[in-house]
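> Chain residues, written in single-letter form:
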Amino acid sequence: MKTQAAPGKQDQDLSSLGALDQGGGALRRRPDGAGLKSAVLAVLIFVAIIAGWQLTADSGLVSPLILAPPGEVVQVLFQLAVDGTLWPNLAATIQETLLGFVLAVVAAVVVGSVFSFSPILRNAVYPFILASQTFPKVAIAPLIVAAMGYGLAPKVTLAALLAFFPVLTNTIAGLTEVSEDEVSLFRALRASRWQELRYLRIPNSLAFIFPALNSAAVLALIGAIVGEFVAAREGVGYAIAQYTVTGEVAATYAMLIALSVFGLLVYGVLSLAERLVRRAK
Amino acid sequence: MAIATGRQADKDAAPRPAAIGIRDVSKSFTRRGAAVQALEHTELDIAPGEFVSLIGPSGCGKSTLLKLVAGLLEPTTGSVTVDGREVTEPLPQVGVAFQKPTLLRWRTVLDNVCLPLVIDGDRRPESREHAKRLLEMMGLAGFEKHYPRELSGGMEQRVSIARSLVNRPSLLLMDEPFGALDEFTREDLNDELLGMWQREPKTVVFVTHSISEAVFLSDRIVVMSARPGRVHATVPVPLPRPRGRELRDDPEFYEAIRHVRSVLDEAKGGGR
Ligand SMILES: Nc1ncnc2c1ncn2[C@@H]1O[C@H](COP(=O)(O)OP(=O)(O)OP(=O)(O)O)[C@@H](O)[C@H]1O
Ligand SMILES: [Mg+2]
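Residue numbers (numbering that gives the first Met the number 0), protein chains in the order written: chain H, 0 to 280; chain U, 0 to 271.
Just so you know, these hints were derived from the structure itself, not from any lab.
Treat the numbers as computed from the prediction; the structure is a model and nothing was measured.
Mixed in with the good hints there might be a few duds.
[To be verified] Ranges between beta-carbon positions, derived for each pair:
(1) GLY34(H) with ARG123(U): 39 to 45 angstroms
(2) ASP190(U) with VAL276(H): 38 to 44 angstroms
(3) PRO135(H) with PRO124(U): 57 to 63 angstroms
(4) ARG186(H) with ARG31(U): 23 to 29 angstroms
(5) ARG31(U) with TYR149(H): 56 to 62 angstroms
(6) VAL276(H) with ARG132(U): 28 to 34 angstroms
(7) VAL109(H) with ARG123(U): 32 to 38 angstroms
No residue lacks a Cβ here, since even glycine has one placed at the ideal position from N, Cα and C.
Please build the complete structure, drawing on both the sequences and the hints.
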């Protein structure tokens, strides 16, 4: 039961974040019209947020050094896009994030697979990984930059370090948390170890790995931004740090909005990938 | 392995039914230091082509006995043989329907039924057609593309039965396959199972809690007693074959049920 409960729960968490299709689950599909209602509600919430933001900025309760009104932010965002300041910074951050993300996912899936086949190795090494996890990696950002310089490497490293752990734990869980009955079934069918992996453990692990990819992507972005805060010549984190110093508040918000659009894009791509993989199964 | 190669050579020809020998088998489990004696001094011979039911109180070791024959458990003492060879690992000619359906949730109904074919490397379209026919026989036509989560418990169980049959096993081990079904569906599927058994002769070991089901299906009923589990008595069912629906209204049928019930009562009494 545990096996089925865990990914199911994560699926629900995901679907509450966005309209993630569950891959033909007639039982889970919402009644007709619910999608429209959600969309209308989402628009209303968006309008309310903008209105609240505008009102707060107008009221003068918050210093203009901290909060810029939405109209100005959009205008600056547009301006940054036109004058070309936005793109190289955004591109740098995206590159660091994606490289770190891919590196982390590949490493975590490989290490997780090895661990799931060698409980001895897992039990020996896992405490160290756990310890390194509770350790605030953001705090060693300056050290990493000192070791690796101002270029791409330290940002990718930080992004990968942050993204690695959730994928690792979920890979191990997905490959090992199969029920005794399922293993018996494959034994009774005289399946080879490879067949057991191919037809039982890997498909089982996908339901665990995909939800982890979303958090890994967010963590990779955080890693990249932190790296840029410490030392960089370009990147959204670098730009934000600059704008904060020069008091260009609207530009800071414009960069944040650009980042969140990128985040949504990543989320959409991951959901699509999940759907395609599920369909191919 | 002679049987395996024979089966590879003509997969579609009806395989020779298997014979089972259970010689003085005991099985104990250790859980947290405490030993549970699941089976003790169990003796049983099953002839090729025989349909035998195991019946007995919950926890008397029926599933354990079935898993020993399936090669999924090793006896603590004694030996289990299939066609005269000692069982040391699961055999290719055996189909198993577990007490729980154990369907893979990411595979459709049809793909679940075809899993044994995939593991065997059998990708022939006629095997897939056979799988579809089995689903139809189980009353699941039209559900091929559904996922397990879209099925009721009884439907899942029927899928797992179809899966146990898809390889045309010469020995079929079924653990309460119809336990989750209502009386009507159960009787329909009993008819289907008997029909299939008559068309493709095979040895069947069938665990059930239903006396009438055991009587309707079996050549022999093995009554087990609990704690420790062992064979209490073997009751032959002298009803003529082929057996059809009308048998269920036959006074002889009721007489046989009454007899088995009395033996079962005795077994329960003896177990305490
Ligand atoms: N893997 C196991 N580990 C420990 N004890 C077990 C295990 N499997 C079975 N047992 C014990 O062996 C005994 C027989 O179990 P078994 O499942 O064979 O009973 P059963 O006759 O199939 O019961 P039921 O009719 O309820 O399915 C029980 O006491 C059970 O607790
Ligand atoms: Mg049982």
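> Does each hint fit the structure? Answer for all of them.
Here is how each hint holds up against the structure:
| no. | hint | verdict |
| --- | --- | --- |
| 1 | GLY34(H) with ARG123(U): 39 to 45 angstroms | holds, 43 angstroms |
| 2 | ASP190(U) with VAL276(H): 38 to 44 angstroms | holds, 42 angstroms |
| 3 | PRO135(H) with PRO124(U): 57 to 63 angstroms | holds, 58 angstroms |
| 4 | ARG186(H) with ARG31(U): 23 to 29 angstroms | holds, 24 angstroms |
| 5 | ARG31(U) with TYR149(H): 56 to 62 angstroms | holds, 58 angstroms |
| 6 | VAL276(H) with ARG132(U): 28 to 34 angstroms | holds, 31 angstroms |
| 7 | VAL109(H) with ARG123(U): 32 to 38 angstroms | holds, 36 angstroms |
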